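Engineer: Quick mapping for you: the protein sequence lines, in order, are chains A and B. Mapped onto our numbering, the consecutive letters of the first sequence carry residue numbers 325 to 431. Mapped onto our numbering, the consecutive letters of the second sequence carry residue numbers 18 to 480.
Simulated from the structure, these hints should not be mistaken for lab results. The reader is advised that the hints may include incorrect statements.
Stated by the list, open to error - In silico DSBU-like cross-links for lysine-lysine, where the CA-CA straight-line distance does not exceed 35 Å:
| id | chain 1 | residue 1 | chain 2 | residue 2 |
| --- | --- | --- | --- | --- |
| 1 | B | K127 | B | K333 |
| 2 | B | K155 | B | K333 |
| 3 | A | K340 | B | K333 |
| 4 | A | K335 | B | K393 |
| 5 | A | K340 | A | K328 |
| 6 | B | K434 | B | K393 |
| 7 | A | K340 | B | K155 |
| 8 | B | K393 | A | K328 |
| 9 | B | K333 | B | K149 |
| 10 | B | K149 | B | K127 |
| 11 | B | K149 | A | K340 |
| 12 | B | K393 | A | K340 |
| 13 | B | K333 | B | K393 |
Since the model is a prediction, treat every value here as computed from it, not as a measurement.
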Amino acid sequence: MATKRLSEIAKTIRSKNAGVDKITFDVIFADRAGFDFVRRSGVLSRAAICCIFGITESRISDWVEFEPALAIKFTIFRTAPSGSPGDADIFGSQQYGPLMDVAVPVN
Amino acid sequence: MALIQDHLSAHRSLRILCPNGHLGFAPIRTGSFGSGLAAEPDLICADSGSCDVGPGPLGGDISASPRQWQVHDLEQMLLAARRLGVPMIIGSAGDTGSNSRVDLFVGIIKDLARKHALTRFRIGYFYSEVGKTYLRRKIEAGDTIRGLDARPPLDLVTLDATDRLVAMAGVHPYIELLDRGADVIIGGRSSDCAIFAAPAIRRGFPEALAYFYGKVLECASFCAEPYGGKESVLGEITMEDVKVTALSPEQRCTVASVAGHAMYERPNPFYEYFLGGHIDMSQCRYEQYNERTTRVTGPRYVSAPELRAKLEGAGKLGERYVGMVGVRDPYTVENIDQVIGWARRQAIERFGPTGWELHYTVYGRDAVLGELEPRKASPGHELCVVVQAIAPSRELAEEVCMIGTRQMFYARLPAVKGTAGGVAFLLDEVMPASPAYRWTVNHTVRVHDPLELFPTFLTEAGI
Chain A
325 MATKRLSEIA KTIRSKNAGV DKITFDVIFA DRAGFDFVRR SGVLSRAAIC CIFGITESRI
385 SDWVEFEPAL AIKFTIFRTA PSGSPGDADI FGSQQYGPLM DVAVPVN
Chain B
18 MALIQDHLSA HRSLRILCPN GHLGFAPIRT GSFGSGLAAE PDLICADSGS CDVGPGPLGG
78 DISASPRQWQ VHDLEQMLLA ARRLGVPMII GSAGDTGSNS RVDLFVGIIK DLARKHALTR
138 FRIGYFYSEV GKTYLRRKIE AGDTIRGLDA RPPLDLVTLD ATDRLVAMAG VHPYIELLDR
198 GADVIIGGRS SDCAIFAAPA IRRGFPEALA YFYGKVLECA SFCAEPYGGK ESVLGEITME
258 DVKVTALSPE QRCTVASVAG HAMYERPNPF YEYFLGGHID MSQCRYEQYN ERTTRVTGPR
318 YVSAPELRAK LEGAGKLGER YVGMVGVRDP YTVENIDQVI GWARRQAIER FGPTGWELHY
378 TVYGRDAVLG ELEPRKASPG HELCVVVQAI APSRELAEEV CMIGTRQMFY ARLPAVKGTA
438 GGVAFLLDEV MPASPAYRWT VNHTVRVHDP LELFPTFLTE AGI
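Only chain A is shown next, with the shape it has when bound in the complex (with noise of 0.2 Å):
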């Protein structure tokens, strides 16, 4: 089957820190045929986060669609608050490295 990578179709893939015990990830797309397109792929989905991060659903506080910045959203715990010893990402802001590569299925 075709693929495409997620960093193909997206205009913005970030994560930064939602308070100092989440990550939060947006995923954004520049026109609705994007965002639509991905979201039905089901690529995005918790049970595919899940997946990409090796973490269970409870570690996934929020999942939404957000229709008015044509974007998908979820945030995730931490295991240890923002800035801890040994936390190499006090911002958040490279958690959403392995996005990047997620094959969006294309036919």
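With chain A fixed as given, assemble chain B onto it according to the hints.
Structural biologist: Below, chain B alone, put in the same frame as chain A:
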């Protein structure tokens, strides 16, 4: 003489210029700020705080931002506000909003007033720190300090392990200080949106729109595109809508950028909570008003059944030293956990199993994502391991770090070919770092009065 905030042109709208989403963290871009001033805003407001800087600044009662940049931004804003004769409001002073950071900013404003021989004006300020005794009494009286984000209620052990706490103010101390005639307000820790919502609510604009107004303005140009920080944006609130305009020539506020910002750094794009209630943004409508401006209608305000203030607290874990090593031997790369295990055992042999901590962060494998890393089984051809040691004294932290780092050099792997040193040193030393803290408190406390935790004060500056 009429108070300056009362002689504004018209009460039909209130326009606020926001030059910076985190004052002091990086300097204001003065070009777009100048364009905003040319539009003669009714107020100039900025947030200066964030918990993104980690627990260290609050715990250690320091700023994460350099003083020169704080002075730079405050000077730009103060001179402009006094020239236009409009109020200036800063929230969450000095990154953390602790009492010492409020005093620091009030002192800077007074120094600047002297330096520029400004005509006498009134500074209003308030504190946000919360005493541990106050919270201890609450806990002992059975008044639960509820955990946020799935944390359990605050217990006395965690409270004791906390060095400093601040509460998040709502609009109330800002309104109080505006009522008392403050020309410049320096706020302690506050909800970002409250800084902007307060003057709008005071003027009678609907709470739903006022809080949304604050929500959209608080990060300045982060609600514009293309991406570019520290540029000014101009907001306008009326009885019907909120409009936000990008001021940098390269930027525009679009439906996509403003809606996109509504979800920035929050778990859910539909709700924004603050002392006294929340706004529901699920029915917001975003429209392109003109090339650089987006118009928003439809947020709803929901008042809270009881007043609860958010608390942030940080506690010290110990002094900290940092070491670094590199690894290029493929066999060692593959067995890096064994090397780390060896070094850790040497520390245990010398210091016993407790009373210190060693943290190993393996760059090139899973440093950034940790347990979330899907590719940790395929590390790069070379690794950097950062070693952090934490202990009650600097001397012990240094020695633990030295053992935890240098013993990687001597690690005994069964099949290693290189027998003249297991790792590479960029520096054969360990480096002192800031003390280690953790966020001990992310909770809410019930209050009877929204001003209860936020004492307000007035002072004067200028000549």
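Engineer: All hints, please: hold or fail.
Structural biologist: Do the hints match the structure? See the list:
no.	hint	verdict
1	B/K127 to B/K333	holds, 33 Å
2	B/K155 to B/K333	holds, 23 Å
3	A/K340 to B/K333	holds, 24 Å
4	A/K335 to B/K393	holds, 27 Å
5	A/K340 to A/K328	holds, 25 Å
6	B/K434 to B/K393	holds, 24 Å
7	A/K340 to B/K155	holds, 33 Å
8	B/K393 to A/K328	holds, 24 Å
9	B/K333 to B/K149	holds, 15 Å
10	B/K149 to B/K127	holds, 31 Å
11	B/K149 to A/K340	holds, 30 Å
12	B/K393 to A/K340	holds, 22 Å
13	B/K333 to B/K393	holds, 31 Å
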